[in-house]
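Trainee: In the numbering used here, each number is its position in the sequence shown, counted from 1, plus 596.
There could be a bad hint or two in this list.
[To be verified] The following label-pair restraints were derived from C-beta to C-beta distances: (1) Tyr738 <-> Ile688: 23 to 31 Å; (2) Tyr722 <-> Ile688: 22 to 30 Å; (3) Val712 <-> Glu777: 21 to 29 Å; (4) Trp724 <-> Leu630: 27 to 35 Å.
Just so you know, these hints were derived from the structure itself, not from any lab.
Where a beta carbon is used, it is the ideal one built from N, C-alpha and C, also for glycine.
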Amino acid sequence: MKTNYVNFWGTSRWWWVILIVGILLVIEGFAYWLFPVIGYTVVSMLFGWMLIVVGVVQLCVSISVKHPKGWGWWLVGGILDIFLGFILVRSIVLSELILPYFFAIVFFFWGLTVLVGAITARRRRYWWINLINGVLLLIISYFFIESGYLQDVMMISMLTSIAFIYWGFSLMIISNDMRPEEK
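Take these sequences, add in the hints, and give me the full structure.
Mentor: Printed below as a string of structure tokens:
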């Protein structure tokens, strides 16, 4: 018997792009963890370009012919990611000063969307994993707000690498959930 369930993220044939972005974020996170000397400049530029790519994919998913469930979240997320990405890419000095606050906003938004997705998918078997994921993303957001650039650069470096790794794995889980069922 085939069971259908409601998926907050919807299904999309673009699920593999989200998977690739997740893998790239994990690689970036480990690279930053192992080589923290590369500094904020490289991280802010890479993260800015990754946000632009993710934002474009989110806009493509939200305006596709078959609107996925939760398409409004995809639309708002895409616009926010593109906006933040262009700000990070445009000005290196500005991005270095406010990078932790951008991370706080982005992780807060992702944490909220994952929490809402977990609550709407309560009938699924492992819905609680997304619930834990959303809470952890909100905690990471709080730590970024608390540390700030001028207070503790080393803490921001470690939080950034941990957040990239964690966010990458989160995107990989979401992309698996977005994959259309085989017919």
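Trainee: Tyrosine 722 and isoleucine 688, beta-carbon distance inside 22 to 30 Å?
Mentor: This hint is violated: roughly 41 Å between Cβ atoms.
Trainee: Is the hinted range of 27 to 35 Å satisfied by the C-beta distance from tryptophan 724 to leucine 630?
Mentor: 32 Å, holds
Trainee: Could one say that the CB atoms of tyrosine 738 and isoleucine 688 fall in the range 23 to 31 Å?
Mentor: At roughly 26 Å between Cβ atoms, isoleucine 688 and tyrosine 738 fall inside 23 to 31 Å, so the hint holds.
Trainee: If I claimed the Cβ atoms of valine 712 and glutamate 777 lie 21 to 29 Å apart, would that claim hold in this structure?
Mentor: The hinted range 21 to 29 Å holds for valine 712 and glutamate 777, with Cβ atoms some 23 Å apart.
When the structure is compared with the earlier hints, a violation turns up for hint 2 alone.
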